[in-house]
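Asker: Here is how the chains run, residue by residue.
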Amino acid sequence: MAAAPHPASRPSVRRLASDNPAAVLTLVFIGLFVATDIINRAQGDGAFLTLKQVSTTFLYAAVLGLMAAGQTLVMLTGGVDLSVATTATTGAFVISRFGTHGSAEAILIALAVGLGIGLVNGIGIALFRVNALIMTLGISTITLGLLTVQAQKQFTALVPNFVVTLGSARFLTYVPYDLLVWGPVAAVIILGLRYSGIGRMIYAVGDNPVASRLAGVRNWQVLLVVYALCGMLAAASGILLVGFNNAADLGIGSPFLLPSVAAVVIGGTSIFGGLGGYAGTILGALILTVLDSLLTILNASQALRQIIYGLIVLALAAIYARATAGGD
Amino acid sequence: MSSTTVAGTATPPSTSRSVRILRRHGWTIGVFLLLIALVFYWRGQTTLKWGPFDVQSLAIDALPLCFAACGQAIVILSGGIDLSIGSMMALVNVVSARVMLHMSFRDAVLSSIVIVLGAALVGAAIGLTIVVTRVADIIVTLAMLFVLGGLALAVLEVPGGGAPTRYQNLVTLDTVLTHWLPSALVILFGAYTLMWLTVRRTRVGLALYAIGSNRNAAYLAGVNVPATRVLAYAYSGAFGALGGLALTAASGLGDPNAGGIYTLNSVAAVVLGGVSLLGGVGGLIGPICAAFVLTLVKTVLILRGVDQNYAQVIQGALIVLVVMIGGLVVRQKGKS
Numbered sequence: 001m002a003a004a005p006h007p008a009s010r011p012s013v014r015r016l017a018s019d020n021p022a023a024v025l026t027l028v029f030i031g032l033f034v035a036t037d038i039i040n041r042a043q044g045d046g047a048f049l050t051l052k053q054v055s056t057t058f059l060y061a062a063v064l065g066l067m068a069a070g071q072t073l074v075m076l077t078g079g080v081d082l083s084v085a086t087t088a089t090t091g092a093f094v095i096s097r098f099g100t101h102g103s104a105e106a107i108l109i110a111l112a113v114g115l116g117i118g119l120v121n122g123i124g125i126a127l128f129r130v131n132a133l134i135m136t137l138g139i140s141t142i143t144l145g146l147l148t149v150q151a152q153k154q155f156t157a158l159v160p161n162f163v164v165t166l167g168s169a170r171f172l173t174y175v176p177y178d179l180l181v182w183g184p185v186a187a188v189i190i191l192g193l194r195y196s197g198i199g200r201m202i203y204a205v206g207d208n209p210v211a212s213r214l215a216g217v218r219n220w221q222v223l224l225v226v227y228a229l230c231g232m233l234a235a236a237s238g239i240l241l242v243g244f245n246n247a248a249d250l251g252i253g254s255p256f257l258l259p260s261v262a263a264v265v266i267g268g269t270s271i272f273g274g275l276g277g278y279a280g281t282i283l284g285a286l287i288l289t290v291l292d293s294l295l296t297i298l299n300a301s302q303a304l305r306q307i308i309y310g311l312i313v314l315a316l317a318a319i320y321a322r323a324t325a326g327g328d
Numbered sequence: 001m002s003s004t005t006v007a008g009t010a011t012p013p014s015t016s017r018s019v020r021i022l023r024r025h026g027w028t029i030g031v032f033l034l035l036i037a038l039v040f041y042w043r044g045q046t047t048l049k050w051g052p053f054d055v056q057s058l059a060i061d062a063l064p065l066c067f068a069a070c071g072q073a074i075v076i077l078s079g080g081i082d083l084s085i086g087s088m089m090a091l092v093n094v095v096s097a098r099v100m101l102h103m104s105f106r107d108a109v110l111s112s113i114v115i116v117l118g119a120a121l122v123g124a125a126i127g128l129t130i131v132v133t134r135v136a137d138i139i140v141t142l143a144m145l146f147v148l149g150g151l152a153l154a155v156l157e158v159p160g161g162g163a164p165t166r167y168q169n170l171v172t173l174d175t176v177l178t179h180w181l182p183s184a185l186v187i188l189f190g191a192y193t194l195m196w197l198t199v200r201r202t203r204v205g206l207a208l209y210a211i212g213s214n215r216n217a218a219y220l221a222g223v224n225v226p227a228t229r230v231l232a233y234a235y236s237g238a239f240g241a242l243g244g245l246a247l248t249a250a251s252g253l254g255d256p257n258a259g260g261i262y263t264l265n266s267v268a269a270v271v272l273g274g275v276s277l278l279g280g281v282g283g284l285i286g287p288i289c290a291a292f293v294l295t296l297v298k299t300v301l302i303l304r305g306v307d308q309n310y311a312q313v314i315q316g317a318l319i320v321l322v323v324m325i326g327g328l329v330v331r332q333k334g335k336s
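Taken in order, these protein sequences are the chains called A and B. Counting along the first sequence from 1, when you hit position 213 you're at 213 in our numbering, and nothing is skipped either side. Counting along the second sequence from 1, when you hit position 310 you're at 310 in our numbering, and nothing is skipped either side.
Hints are computed from structural coordinates only; laboratory data are not their basis. C-beta: ideal position from N, C-alpha, C; glycine also. A few of these clues could be false.
Some chain A residues well away from chain B (every beta-carbon gap over 12 Å; in silico) [stated by the list, open to error]:
hint, residue
1, G116
2, V181
3, G197
So the derived list for chain B, only partly shown, Cβ under 7 Å to chain A, looks like this [to be verified]:
hint, residue
4, F146
5, G149
6, G150
7, A154
8, L264
9, L277
10, V320
11, G327
Okay, chain A solo, but in the shape it has when bound:
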């Protein structure tokens, strides 16, 4: 196989990139932002590189960031969760269904339902050893079917004001409220992965399940926790999403499925597990969000958007794989 041998002494750009993946991602993010700014100015729509737009980017990115948080945990164990989008939709639906009961109750139920869906995934994958792809796709089909049936029933849909504020408003002019959710979650995940026992076990299971089992880790417990957390985080992202849109529909979560995987991959987490972290994913989510703004500014048709989006995700993943892969 043609592995690219690189003399360790040569300080190439590639080496620099492989040592500081976060720096490279930050550069890509800033580069995209500047490109968007230039295009926006060229179209005569004024500057894009403003505090307001930076704030909006973070506001938009929080939904993807939360969904990709669970996805990061799952992918660190070497799995993938393709049910996050429908779980988010479920979270959104629960909020609008139980909105009349008050926001606290609605949010708790939504998170509990998300946790439940995640647990079912986890039981199938950890205890019955079902392939993660199949299990989560199957659960996603089941959830969407049940949701569709529920959506046909009559109920007063109400998104509580608290949720709307959380998902769409800002304080101090520029700080989106959803950062109050995303920030702490991000801190807990980044620190937890690095310092807590379960955090280290997640890496161990992903890196080498046999070795981790022999070292005394109960792999199935780790997997169960990870998928349950992923379900809950997906539901949390659904709560922010319904707050932003102010109404739930059956397709509310689905546009985030590919981006949730893409953000993790762009962020440098290996799909084979054991390598990566949440900091990269956050940058991945921000990059994808700016990319989305760029496509909106370019006034691209749905067809063109999809094509460009797919190609850019592919290109970023390829560049990143090349920059970080030492051997293979």
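Place chain B on chain A using the hints.
Answerer: Okay, now just chain B, sitting in the frame of chain A:
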């Protein structure tokens, strides 16, 4: 060493031939029996006289999924996965419906061949991307799901186009020899024989199994791993195209969103059909039977008056349950 030991488990020579066949193809036989049982149940449920027409309609409904399952199975056998197959079907569906609108039957058939070859090239390009960039299969094909889906939307934004009536009849009306043998089935098994059966036992076919079973060992044994991986995706493109053409013939329309369900369902059919997602184990007959089972389950449920959405739920639950039981069986085997 017989040629199939690459795919199946090695069995002691003392066991009799029938036991060996049963052990190796047990899962496929099980799925086939499930299909037969379902057909009889279905026959019992229909109030009108059950006959050739019902067989015909089942074949029409199942044909696109059968082709998708074949393509997906070959990729999974070789150790990859193709999440873009649904969009490939949609793209071929809209392209064919657009070009065939005012064509004669002969031209429609000829352009079908061109489209299948073209799709195989697109599939090969996807495989080449995976090999060259070294990005995981699932990421590249997930991105291509979007790219091909976008192209389908660019070709035809809303459902439209058409195909010559005789071309449609090829799938929806014609039968071969007896009323009980719809031509859709003949086309399916014709494609299976031509594209897979002739290749399976050759060097190339064995290479596909070998790289799915153990890529390093295959490489050391002299298999051209990158080329074989590209070939697997070319197969997926070609079978995906046949699935898309089947959609065109069955509906007489091109619909850019027609492919949506086939990515998930093709993976489900492959897993139900006894192909290991780890690669190297299984064949195409199992997935084809499983595609019929999945189609028939939905038909029967809707026939019984179950809400279409509940039918989806039950179908999903069935997939998950079967795979769970499969996982348990494998674990028990490992213990004993």
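Asker: So, for every hint listed, does it hold in this structure?
Answerer: Going down the list of hints, with the structure as the test:
| no. | hint | result |
| --- | --- | --- |
| 1 | G116 | holds, 15 Å |
| 2 | V181 | holds, 27 Å |
| 3 | G197 | holds, 27 Å |
| 4 | F146 | holds, 3 Å |
| 5 | G149 | holds, 6 Å |
| 6 | G150 | holds, 3 Å |
| 7 | A154 | holds, 4 Å |
| 8 | L264 | holds, 5 Å |
| 9 | L277 | holds, 5 Å |
| 10 | V320 | holds, 4 Å |
| 11 | G327 | holds, 4 Å |
Consistency with the previously given hints is maintained throughout, with no hint failing.
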